[in-house]
Structures are given as C-alpha cells and as structure tokens.
Amino acid sequence: MPLISTRALTKRYPGVTALDGLSLELEPGIIGLVGANGAGKSTLIKILLGLLPPTEGDASVLDLDTATQGARIRELVGYMPEHDSLPPDVSATEFVSHMARVSGLPAGAARERTADVLRHVGLYEERYRPIGGYSTGMKQRVKLAQALVHDPRLLFLDEPTNGLDPAGRDEMLALIERIGREFGIAVIVASHLLGEIERVATWLVAIDAGRLLQTAPLESFTGQTGQLLIEIEEPAEDLAQRLAIRGYDVRAVGRTLLVDLTAADADARAGIYDAVRDEAVDADLALVRIEAGRHQLEDLFRDGGADDRVA
Amino acid sequence: MTASPEQTGTIYDIGYRSYDGPRMGRRGAIGAIVAAGLRASFGLGRSGRSKIIPWGAVILGLLPAGVAVAIRVLVGDIVDLYSYENYVWGIGGLLPIFIAAQAPELVVNDLRHRVLPLYFSRPIGRFDYVAAKLIALSLALLSITLVPVLVLFLGRVLAADDLVGAFGDELGALPAIFGSGILHAVVLASLGLAICSLPARRAYAAGAVLAVFLIGGVIGGTLEEVGGGLQAYAPFTNPLSILDGTRQWLFGGGVAESPVTGADVPLEVYGLASALLLAVSLAVLAIRYRRVTT
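Heads up: the protein sequence lines correspond to chains X and G, in order. Sequence positions in the first sequence follow this note's numbering and run 1 to 311. Sequence positions in the second sequence follow this note's numbering and run 1 to 294.
The shape of chain X in the complex, shown without the other chains (with noise of 0.2 Å):
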C-alpha cells in the first residue's frame, strides 16, 4: 500500500495554477518536498488532508480517498503548519492534550501522550506556563508535539525550521530524524531549503509552479560527481598547474580548483589527496578545504525547471 498516490492532481484558482497535473507515488520514509515558495507545497498538504478539493485528477493518502474520506485521514496524520498557530494565554499541557481529544482520544489517552509527547519535543518544566511567554524555537516544539500527540501514522511538517536560529534548526532536523526513524512515523517535510532537506530527507520530491520536477531517492540527487573540490588561500593557477604536470585534469577558478577524476585510474583517484598535499606544501600554499564535489539540489531546479518549461 503506497503512502500516498495521486493522479494528474490540478488545483487552479482565478488566474493562477496552484498544481498541475501532479502524478506521484510514495512509500513511506522521510519524504522531502522541496520547491520554492508559491510552487505549490503548501496546496498539495492541504489537497492530502482533504481540506482543498482539487480542479481535476484525485489522491488517497494512507489509501484513503481524499475526496470522500478526508475527515477518516485527518483521523491518522498529524499537521504542524507553517504559521504560528498557538494561543499564547494557555499551557503546552493544556493545548496539547486538547488537541488530542480533538484528534479523538479520550481524556485519559490524552493526558498520557501529552506528557509522553512534550518529553519527546524537549519541553519540561516550561510545559505549565502559558505558550505566549515561550521563544520561537519552544513554540515550534509545541507545535510539532500537537501533530504527534495522537500517534499519527503520517506526519505533514510545513518549513518546520521556519525563523529558528541554527542551532534550533539543528535540533528541530534531528527531531524530524527521530521521529522518521525511531518513532516509525512517516514524514513529509515541506521546505523552500534544500540543504536541510537534504539532512533528513531518504526521498525528495521537487516540484516547481505546480508540476513535479524529480521524484527520487535522496543518493540519486546528490550522488558524487566524480569531482573534487579543492579550496586555497592563493590564487589556484600554480597548483593547477602542478598538478596537470601529474596528469589531472584540472581547471582553476579564483582560489578554487575542480579536479575531474571521472576519467583517472584507480591509481590517481587513491593519490590525489597526497598529490595535493605535496604540491601544496612543495609551493608553500595554504590550503582551505578539500571537498568532494556533489550534485548540489539547486541544479536539479537549474537543470529540469524553469527554462526547460519555455523551451
């Protein structure tokens, strides 16, 4: 049974198209959905939660039709949105455990998993005070423990990294890491930032102006390319040069070198960090980092996005 599918998905409002004929499958996992803002995230969660009925083509999420059975999925996922969404005059305890009869547990059921679910998020001792006096990073934990608080079987977080700072952000992923892998919930992670995406995620969809761009494990995304990267204090031109003397394949820019080892042997491949470092020490040249080189997200939209579609 797949997550989620849906068929040639189209949400248009006057005079904007908000998806467009979107085809997808997922199995469950960490699912990223990367696009920019407006391309379309935000209209797909709420099409799978059966709050927006789509223009044309349909989706089940948990193989449940969301056209007819929204009320039965909103049951079994759980939803943190993208806003500030918590009333400042009442405790984390007390919202939570709210929504989780909301969700339908009963009294009993809900105080447990409050208490079980703000540990879970790193909310304490503060849980008893009214959630307008906590930071951004305490408000976007209650969030996240209000979707997981009735034990949801799919999750949908939107930009849950949203105005915190990094080590917030740090926390907030490892979370996410957490529950897609500890809990066992499945998670789709909706987010304009494709490096955190990438921290988590084990399957990306990209979508751009409503259409799907790529739909993929995470390795094929971001595979190595075969390139290394080498940084440098100095201008790159003489190391370049040392090192095409040993037969690599080099082009420098500024103070960066990009070394193509796709066609080296296995022996050049294995001696092109001591070549560096000989070199570098051999020209008295600083060096700053080595790298290898990696698909970055952003080409994938380079590539496949917005120029294709006017071609």
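Simulated from the structure, these hints should not be mistaken for lab results. Some hints could be false.
[Unchecked claim] To give an idea of the interface, some chain X residues facing chain G are shown, with a C-beta separation under 7 Å as derived from the structure: (1) L49; (2) Y79; (3) P81; (4) P87; (5) H98; (6) G104; (7) A109; (8) R111.
[What the hints assert, rightly or not] If you want the footprint, here are the derived chain G segments under chain X, 3+ residues with CB under 8 Å: (9) 16-29; (10) 111-117; (11) 123-134.
[Unchecked claim] Derived CB-CB ranges, DEER-like: (12) G:L150 to X:A115: 38 to 48 Å; (13) X:D63 to G:R39: 52 to 62 Å; (14) X:A107 to G:A275: 50 to 60 Å; (15) G:Y204 to X:S23: 25 to 35 Å.
Bear in mind that the values here come from a model prediction, so they are computed numbers and not experimental data. Even for Gly, the Cβ is constructed at its ideal location relative to N, Cα and C.
Given chain X, work out where chain G should sit, using these hints.
This is chain G only, laid out in the frame that chain X set:
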C-alpha cells in the same frame, strides 16, 4: 531555558510509545470542543479573576430565586416576588454581561492566533467547530436562563405542605420553563458568538456585545418614552425583548415591565423576529468561518 532531566529528578526515557486505543473521531472531537468551551465559559482552569464575572452572574441570577424560596419557606405563599414568566426578564441584564465577558473567550483567540488550521486538520469540519462552540455557550447560558427558574420551581414544590399535590400543580409550568430557557440560551449564544467572531481582539468583542445590547436598550427606552406609533418598534431594538415577546407568543404570560406589553404588536411578529435574529447570526458565523483559510 530547558531544564535537564538531572535537575528535575528522575525521568526515564522509555522511548516512543505508539497508541492503539480507541479513536472517537468526529463525535469525540465535537465533545472535546464543547467540554473545553464550557470550561472556558465559567473560567475553569483559568485565573481566579476570570471566574468573577461568570460566577458572579450565575450567583446574582440565582439570588432572587433563593430569596423567593426562602420567603416561601419562612412566611408562606402570601407574596410572589417572581413568577416563572417574569424571572428571566427580571435578571435579563446579567445575560449581556455574561456573554460580553465569556463569548470572546470561546472564539476570538482561535481566530486571532490562527489556531483554527490545527482544528481543521483533525477529524472535524469547520461547521462542526462552530456548532460545538454554539452548544457550549448555549449550555453555559442555561445557568442563567433555566437553572434559577428551576430552583424557583423546586422551591415552590418543596416548600409546600403537600409535596405531591404541589408537584402536580406546578408540573404544567415545566415545558414553558425549559422552552423559554432554551430559546433564550440558543438565540443569545448564536448572536453573541456571531458578534464575537468579527472583532480581532477579545476586548473589542466584549465591547461590541455590550454595545449591541446597551444601544438597543437605550433606543428602545427612548421610543417607549416618545410613545405613539413609535412605541411599537421599541421591543425590536433589544434582543431580550424580542425573546420575551417570542416567549409570550409560545408559552403565554405577560411581563409588566417588558416593552412588549406596551407595544401592542401581534406576538407572532416576535417569533418571526427571533427566527430572523437566529438566522442572521448563523449566517454571519457561516460566512465568517467559511473565509478562514486552513
């Protein structure tokens, strides 16, 4: 900031536990919203300050019934301070206060702080939410429109020498007591929530509720003073007199102080006006909540 587990005593991380128990779906969800709405209506689980107005109103509403019952027990049935018919009219002033103070608690914050998407991503529809809030406030208002009259009823029965006989005598009044109480509660709850669903803050919502009742009351009073043909319009400026007229139409029994008495308008018109008031309130709520984006 975040207290570490060591500081707070022993917290055993038992890992994530899944939930296999019952899920009560839409009915459970509506029940939960009604229950939370009732608690909010009486300031339960909130600060002591937020209990003052609702409980003050309930106690003041019960007071005349208590006094009447006490007089009956002590002195006997020589005077009837209050009848079943004029009781709600007599304490009617408490209703706008209760609604102004408590109805905003039920709806304003969910709208203002965009909590509704969290509700709508659960097994309810948006009109289930509104219905649940209406039920909650209606039930809360029964504490003023019905409970004191029932106390009066019980007092009359229990104060009588012949309990069974008195119960038989008074029994006939029960349908009117319940009918009037429910009529007032439902129409006023709808009106109150409709008004409160529009302003952005609770204080504005409270002000709007008071304005509707007070301004209506003042205009009505003026029209009554002026008299003549204008007096017929006086009851229709105030939701409470419209409801009193409707009560008279349905269950009979005039109230001397009510502008309905002086207006000389066929009682059916009040029924129509009540229906209109209810319909407009529900339409406002429907439009308001249809516009909420999820």
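Margin query: Of the numbered hints stated earlier in the document, which are not met by this structure?
Written below: Hints 8, 13, 14 and 15 are the ones this structure does not satisfy, whereas the remaining hints hold.
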